[in-house]
Structures are given as structure tokens and as C-alpha cells.
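Each chain, letter by letter, is given below.
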Amino acid sequence: MSAGSNLSVEGLRTHFFTKAGVVKAVDDVSFSLAPGEVMGLVGESGSGKSVTGFSLLGLVDAPGKVVGGRILFKGQDLAAMSDEQRRRMRGSRMAAIFQDPLMTLNPVLRIETQMVETILAHQALPRAEARKRSIAALERVGIPAAEERLSAYPHQFSGGMRQRVCIAIALLNDPDLIIADEPTTALDVTIQAQILHEMRALCAGSGTSLIWITHDLSVVAGLADKICVMYAGRIVERGDVDEVLDRPLHPYTRGLIASLPSRSERGQALYQIPGMTPSLLGLGEGCAFRDRCPRADASCLDSPPERVVSEGRTCRCFHPHEGEPS
Amino acid sequence: MAVFILRRLSQSVVLVLVMSMLVFLGVFAIGDPINTLVAPDATEEERQAIVVHFGLDKPLYEQYGRFLGNALRGDLGRSFKFNEPALALIAQRVPATLELAFASLLLTVVLGIPLGLYAGFRPNARSSRLIMGVSAFGFSVPAFWLGLMMVMLFSVFLGWLPASGRGTTVAILGIPVSFLTWDGLKHMILPVINLAAFKLSLIIRLTRAGTQEVVMSDYVKYAKAKGLRNGRIVLVHVLKNTLIPITTVLGLEFGRTIAFAVVTETIFAWPGMGKLIIDSISVLDRPVIVAYLMLIVVMFIVINLVVDIIYSTLDPRMRLEDQR
Ligand SMILES: Nc1ncnc2c1ncn2[C@@H]1O[C@H](COP(=O)(O)OP(=O)(O)OP(=O)(O)O)[C@@H](O)[C@H]1O
Ligand code: SF4
Ligand SMILES: [Mg+2]
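Going down the list, the sequences are from chains A and B.
In terms of numbering that gives the first Met the number 0, the first sequence opens at residue 0 and continues consecutively.
In terms of numbering that gives the first Met the number 0, the second sequence opens at residue 0 and continues consecutively.
Here chain A stands alone, though its shape is the one from the complex (with noise of 0.2 Å):
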């Protein structure tokens, strides 16, 4: 991969060892980011998008098992570090924010004790220092007050201000990258657009990269640098962002695209993915789209390769559309 690159992911497989089979919930997976890039990973649930960023994090939980691929993060690879050293990573380099910070952050805790105990993870600071530095991450997303807030609980914030305190959480180690795990999806759309671009701001600001995680294409659509669309554990296309929007060669893609609101007249009904996504239980041989695939024909009962289409850009389909306006 490029010598600039933040992370690079390589061949990723991880899979769920269940009583009722194996749940290939990553598979073959490959992407790159650049500091300060900002990749949205898009797909329907139960896509893979959340066991894409725990396997980064190195926080699969049994039954699941990273099989294969390679992680290299900041040139160093993930699967060579022992435990200790990747709990090291974890909150410092590479940080994370989920989805409902109503969950996630615990109820007893004071945000305080919850912002300080991160960076004491990671470096022997006077608490004094950590409780400053703490002060600060809270300011620099936004919060009013920040100071006094410090010694209040989760769930004596709004919604949008929680998520903010997640952010600050994230940034409190001037990570490498973050991954937002569909961190705005519980909050108002208007909310929603505002923390995008604050985030995007702040990376942009700092060169953190950034991986959002969403099932909205929409969402991405306006912030994202490059793209990842994931079907049943598998990339099905990647590239720069407008470039896909644009001109999408996957079916599924254009099908996500076409289902867009936007898109779609005024009283028109919104077109929609004939089909359910299907299990990934004991997924076998061949496109797993092909079911709702209108270009699916024998040959598609094979597994699609990932085709490099142009530097950044893959697709993996047997019958891409050529490049055509979506």
C-alpha cells in the first residue's frame, strides 16, 4: 500500500464459530486510508460494517476470531502486537464511538471519571493535568459550560450533547484514527448534520483519519473522502466518493442509490431492493446478491473476484454496469 497510508487492511476474515455453523461476517476485506481521510462504510445491517471496525479494534468477541488478512496500522502489523500493546492502541491511537451513547457510557460514572480514566490509561499524568486536558475536548466539541459538566452524569445530557462527550472521549488522546460506529443514528437529522461536519473538522484539523460507519448512504454522501459499500461481509465496491455516487458499478450500489429520497419524484413511492439480505449463516459459493441481482445470470453462481478498476477504485461483479450516470 502507499507509503502515506494510516491503515491498511488486507484480506480481513473474521469469522463466528456458532453452534449452527460459521457466520463469515468478514470476509476477504481490503481498504486504505490516508491521515486526515474520512471513509464511510456503508451497508445494509447485518452487513459486517460493526465487526469490520471491533476486528480493527481487536475486540471480537468469542465465538467470532479474526481468520485472516492483515492489518497494518501506521506501518506496524495489528496481528504481531501482543495483547498489552494493543490495549496501549485501543482509546489512544485508534479510538472509537458507537452508536447509542446512552449505552455506552456508563451510568454511574461521572463523565469526568470517565474522560480521566482514559488518558490514565494511556500516560502517568497528575489527575489535576487529565481533568484539564478533559476540559478542554469537552470545549472543543462544543460543550457549554464544559468545566461544570465534568462532574455530571450520562444521562443528565440531551442526546446530541452525549455524543459530542463521545467524541471528546475519542479525541482525548489525539488518536490516529477513529471509528465511528453509526454515531449519529439515534439523534435528529439536524443534529445529525452538525456533528458530521464538526467531526470532519476536527480530523481534517488534527489528520485523523476517519471511518463512519453507516447504513445511510445519504449520510456519508456530503463528508466521506472514499467509500466502502459492503454486502454480506464482503466489499462489493469501493472508491473516491463521488466517483461511486456518481457512476456506480456494483448493482447493489445502484440499487442503494436509486432508493435514495432524494432521488425519487415527489409522490412517487421510493424504490426499493426487491429481496431480504440474506443470512449469513452458511453463506455458500457465489454472488450473495444474486437473488435480487437483475443482472445475475449462471455465471454468478460464482463468488465475483474484487477487480481493481482504477487506482482506489474495485468492484466485484461479474456484470458491472460500464460507468453509466446512476
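Be careful, since some hints might not be right.
[As the list claims (entries may be wrong)] Sample of chain A residues facing chain B (criterion: CB under 8 Å; computed from the structure): (1) G90; (2) S91; (3) D99; (4) M102; (5) N105; (6) A120; (7) Q122; (8) L124; (9) I168; (10) R291.
[Unchecked claim] Computed footprint of chain A on chain B; a stretch qualifies when at least three of its residues, placed anywhere within it, have a C-beta under 8 Å from a C-beta of chain A: (11) 208-219; (12) 222-234; (13) 237-245.
In short, the hints are calculated from the structure, not lab data.
Backbone N, C-alpha and C define an ideal beta-carbon position, used for all residues, glycine too.
Since the structure of chain A is provided, determine the placement of chain B with the ligands on it from the hints.
Chain B with the ligands only, in chain A's frame:
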């Protein structure tokens, strides 16, 4: 907080009043104590004199009124049997019972919470299975059976531990306690284990269940994602949350322990309240029974209040100031 406590106390007054009526009625229904009070060879006049002396000829409501009036002055009547104030009689026995109750509570907390945490974190380990198996035993075995078995094994066969009494006591602030002498401690071991067995099993199971639930929670995953060390995740993030339900149960169990120490005190001839009440019931010593039951009611009220206060300090969402 002050408002909450005041309001709670005023509710408690009503509760105590209602309970006193129920207790009085209930004890009245048990039977007429006159036959136990009067010697079998007493004359009819002597018998009448005693009935009048104890007010047993008055209608029920009048007896209750008199009882209530006296109770407000701190007088819960005199024991028929010992001819001593009932309250003083019970008060003498309270330290022995409390000593057992506190010791068993301590054992429960010190052993139950760590074992439960361990079993919760490593549910599939063989040691966890052993812990759960033993706790299932402690959970289901009746206290009297366990007590008798322990006496048989440790006192009769092995002769390691004494089976009855408090042993040598020393006085702290005029209150005799056993736990400060070696002999007293040896006397405490079996009764404390007997009294703690059920609670301990309960707390192990509760802690394990709570831990397993919390470990799966998003905020523990988030704590890991922040790169916290395992020790901190367990002791702060997990424990503080699992302690919330445990506190409530411990509080209620503590009340139960005191109220139902009867069985253990009887088996081990421990001179506490439980033994006194059993003796009093067998001779229908009404004032003692009533005083004891009222004391238990008050004790439960106090324990509940304390539990609520601890609860609110542990769970900020339940802060008492926030409640109207
Ligand atoms: N603990 C687990 N045991 C078995 N399978 C699991 C487990 N966790 C996740 N999976 C499987 O992994 C797949 C991907 O899950 P993941 O949470 O990554 O989806 P997602 O794309 O994040 O969806 P969502 O939008 O709903 O968050 C799911 O189909 C799920 O069945
Ligand atoms: S490989 Fe075949 S089934 Fe799969 S998306 Fe392409 S055309 Fe459709
Ligand atoms: Mg998810």
C-alpha cells in the same frame, strides 16, 4: 435528601401503627395466656386477681389503647414470665443476635461478591462450575438440616468446634461480644456459616448473573475500546453496576437474617432474640411477643431506609434530590 427522609419517616409512623394493631390482634388470637400465668392449684380469687392485674378482663380495644399509650412512653409491657420490662428483656438479647447477623453478612459480602464476579467472568471454567454447584446446595438445603449436619460432623465426630453457646465473651461499652476471644470465635464459626449459607449462595448467583449481563453491555465494550486495563474495567465499570441490585437484596436479607435467626439460635443454643421469642411463644408471654414483633417491624423500616440511601448513592439515576 432531607425531604425524602422526613417523608419516609412520616409514612413509617402510619406503618408502625397499622402493624401494631395487626400484631396485637394476631397475638390475641393465639390464645389466652391466663393458664400459663396462674399456678394450677390457685384459687378462683387468686386467678381473678391476676386477670385484673394484667388487664386481661378488659375488652380488646381497651387493652390495645392501654398498650399503645404505654408504648408511646417506651413501655411495651412487662413479661408475664420474667416480670421484667419486655423491651429490656429483648434488648439484652439483641447484641448476641446482631453479632451473628453482622458476621454472616460480612462473610456473605467478602466471599459472595468475589466468587460471583469470578464465576460471571469465566462461566465455563471448572472452578466456576464448582462454585455454582456448591451454591446450588447452599441455596436449597434447609437451615436446620445443615446446622445439625455441621454439629454432627465438626462437634460430635471431629470434636473441632463447640456446638452451643457464645463461649467466652468480653464487654465493649458494656455489651458482651464473642468475636474478640479465640474461644468466642470458635463458638461463632458454625452458627455464622449456618446463617450465611443461604445468603452466600444467593449473592454468588446474583453477582454472577449481574456480571454476565454487565459484561455483555455496550459500556463495557466501550471501556475496552478506550483501552482501559482489565482491573479497572472489572472493579469500576462492572462491579459498580452489579452492586446496585446486590445492595437491595443484601439489605432485605439482613432483615430476614435477624428475624429468622430463630432456627440457628435454637440449634446452637445461641442466647439471642430468636431463642427468647421461641421460649416466649411456648408460654404465650404476650408482651414479649408483641415487643419483639414491633421491634422487627421498626428494624425493617430502618433497613429499608438505609438501603434506599445506599442505593441512591450507587445509582445516580436514582438520586433522591431529583425525586419530588
Ligand atoms: N456474537 C456473534 N455471534 C454470531 N454472529 C455474529 C455475532 N456478532 C455478529 N454476528 C454476525 O455478524 C454479522 C455482521 O454483524 P454486524 O454487527 O457487523 O453488522 P452491521 O453491518 O454492523 O449491522 P447493523 O447495521 O445492524 O449494525 C451479522 O450477520 C451477525 O449475524
Ligand atoms: S456478480 Fe452477478 S449477481 Fe452478483 S452483483 Fe454482479 S451481476 Fe449481480
Ligand atoms: Mg453495526
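Hint by hint, which ones does the structure fall short of?
-> 7, 8, 10
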